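Chemist: As a plain string of letters, each chain reads:
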Amino acid sequence: MDAQKFDYLLRQGDNALILSQQLSQLCGKGPALEEDMALTNVALDLLGQTRMWLSYAGELEGQGRDEDQLAYLRDVRAFRNCLLVEQPNGDYAQVMVRQFLFDTWHYFLMRGLLSSSDRRIAEIAEKSLKEVTYHLRRSGDLVVRLGDGTELSHAKMQAAVDELWTWSGELFVYDETDQAMVAQGVAPAAEPLHAAFLQHVAEVFEEATLRMPAAGAYMQRGGKQGRHGERLGYLLAEMQFLQRAYPGVAW
Amino acid sequence: MSKEWPLWEVFIRSQHGLAHKHVGSLHAPDAAMAVNNARDVYTRRNEGVSIWVVKAADIVASSPGDKDALFEPSNSKVYRHPTFFPMPEEVKNL
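Chains A and B, in that order, are what the protein sequence lines are.
For the first sequence, the working numbering assigns the number 196 to the initial residue and increments by one for each residue that follows.
For the second sequence, the working numbering assigns the number 1107 to the initial residue and increments by one for each residue that follows.
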């Protein structure tokens, strides 16, 4: 088995899975009916993408684990999601800024993966990109409206940007796994991805009258290697409860 | 600005060649977000190929009180209704 590719697939699947779970927790609690439905739509899209990534990971691993076992029976240290997606839902500004930063990275990554040397990955990227394009449009639109909205909404959005920025850098710090994927032509290189990310974020923030955090700000890392904040444990406890309590239970 | 988002009426065209049909309404801060919201609320199951949104306040409607004056006269004059023409079978969607 290609352990690094397995790892890379887990990272994609876990990012989508954890963010989907976070957004699902807001179901019924959105600030307006329209927002509530939009968030849960995004959560469902991400869950569908999770399934594609993790089922491929399970096949590649070849030990008979399917996507459900990978999602529900791994412990927290085995999760490979970035730290950004495990940040708390907080207020709606935090939800939207987290979503926008993730969507921007996600969009450019999926575009890069379209030309992956791994055909299966390219196919998953192509399916995902249609959804991700809409996610990015929607979260960007909301960042502009809330950032350039009232004094209060602007202050909340700026606070969310300043707080969440430090979790965004990890996405562009390539470790051995990422570098091996770039070398094999599976994944796009970090630098152009990072440049595209920064440019899009800067454009949207300018329209939203939000201050872009200074270049070279300190960035947290570790999620991709399985070092998570304690919050992720609680999130998994809720998400995995049913399969842990009733192993093998099916719908 | 009022604290409530304005109301928008949503029209969806379900397939090419058919007219947009009113499907419901929603709240949104502006037109672009109304289109986004319409997509999320009304078109998630392949319902549409095109979305129109119109501010509900911009729709001018007839008043129910005017019903007799506006609609009644035609009912008693059968010659106003094109019901005496046989329809060719080839004509669809009429």
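Hints were generated in silico from the structure; no laboratory data involved.
Predicted, not measured: the structure shown is a model, and the values here were computed from it.
Note that CB positions come from ideal geometry on N, CA and C, so glycine has one too.
Please note that a few of the clues may not be correct.
Unchecked claim - Straight-line alpha carbon distances no greater than 27 Å define the calculated DSSO-like cross-link-like pairs of lysine-lysine that follow:
{"#": "1", "chain 1": "B", "residue 1": "K1161", "chain 2": "B", "residue 2": "K1173"}
{"#": "2", "chain 1": "B", "residue 1": "K1183", "chain 2": "B", "residue 2": "K1161"}
{"#": "3", "chain 1": "B", "residue 1": "K1173", "chain 2": "B", "residue 2": "K1183"}
{"#": "4", "chain 1": "B", "residue 1": "K1109", "chain 2": "B", "residue 2": "K1173"}
{"#": "5", "chain 1": "A", "residue 1": "K224", "chain 2": "B", "residue 2": "K1183"}
{"#": "6", "chain 1": "B", "residue 1": "K1127", "chain 2": "A", "residue 2": "K325"}
{"#": "7", "chain 1": "B", "residue 1": "K1127", "chain 2": "B", "residue 2": "K1198"}
{"#": "8", "chain 1": "B", "residue 1": "K1173", "chain 2": "A", "residue 2": "K224"}
{"#": "9", "chain 1": "B", "residue 1": "K1173", "chain 2": "B", "residue 2": "K1127"}
What the hints assert, rightly or not - Computed spacing ranges between beta-carbons, pair by pair:
{"#": "10", "chain 1": "A", "residue 1": "A378", "chain 2": "B", "residue 2": "K1127", "range": "49 to 55 Å"}
{"#": "11", "chain 1": "B", "residue 1": "K1161", "chain 2": "A", "residue 2": "F436", "range": "54 to 60 Å"}
{"#": "12", "chain 1": "A", "residue 1": "C222", "chain 2": "B", "residue 2": "K1173", "range": "50 to 56 Å"}
{"#": "13", "chain 1": "A", "residue 1": "L347", "chain 2": "B", "residue 2": "H1126", "range": "36 to 42 Å"}
{"#": "14", "chain 1": "B", "residue 1": "R1150", "chain 2": "A", "residue 2": "R426", "range": "28 to 34 Å"}
{"#": "15", "chain 1": "B", "residue 1": "P1170", "chain 2": "A", "residue 2": "G243", "range": "44 to 50 Å"}
Unchecked claim - Sample of chain B residues with no beta-carbon within 12 Å of chain A, all distances over it, derived:
{"#": "16", "residue": "W1111"}
{"#": "17", "residue": "H1122"}
{"#": "18", "residue": "A1138"}
{"#": "19", "residue": "R1150"}
Chemist: Does the Cβ-Cβ separation between A/A378 and B/K1127 fall within 49 to 55 Å?
Modeler: Holds, since A/A378 and B/K1127 (Cβ atoms, about 53 Å apart) stay within the stated range.
Chemist: Would you mind confirming whether the straight-line C-alpha gap from B/K1173 to A/K224 stays at or under 27 Å?
Modeler: Not satisfied, since the Cα-Cα distance of roughly 42 Å exceeds 27 Å.
Chemist: Can you let me know if the beta-carbon spacing of A/L347 and B/H1126 is within 36 to 42 Å?
Modeler: holds, 37 Å
Chemist: Verify this label for me: B/A1138 is non-interface relative to chain A, using a Cβ-Cβ cutoff of 12 Å.
Modeler: Since the minimum Cβ distance to chain A is about 6 Å, B/A1138 lies within 12 Å and the statement is violated.
Chemist: Going straight from one Cα to the other, do B/K1161 and B/K1173 come out at no more than 27 Å?
Modeler: holds, 24 Å
Chemist: Can the restraint linking B/K1173 and B/K1183 be considered satisfied, given a maximum Cα separation of 27 Å?
Modeler: holds, 17 Å
Chemist: Taking 12 Å as the cut and beta carbons as the points, is B/H1122 off the interface with chain A?
Modeler: holds, 20 Å
Chemist: Tell me if the straight-line CA distance from B/K1183 to B/K1161 falls inside 27 Å.
Modeler: Distance of about 37 Å is beyond 27 Å: violated.
Chemist: Are B/K1127 and B/K1198 close enough, with their CA atoms no more than 27 Å apart?
Modeler: holds, 18 Å
Chemist: Evaluate the given range 28 to 34 Å for the C-beta pair formed by B/R1150 and A/R426.
Modeler: holds, 30 Å
Chemist: Given the hint of 44 to 50 Å, is the C-beta distance from B/P1170 to A/G243 inside that range or not?
Modeler: holds, 46 Å
Chemist: Going by Cβ atoms, does B/R1150 stay more than 12 Å from chain A at every point?
Modeler: Violated, because the least Cβ-Cβ distance between B/R1150 and chain A comes to about 6 Å, which does not exceed 12 Å.
Going through the hint list in order, the structure does not satisfy hints 2, 4, 5, 8, 11, 12, 16, 18 and 19.
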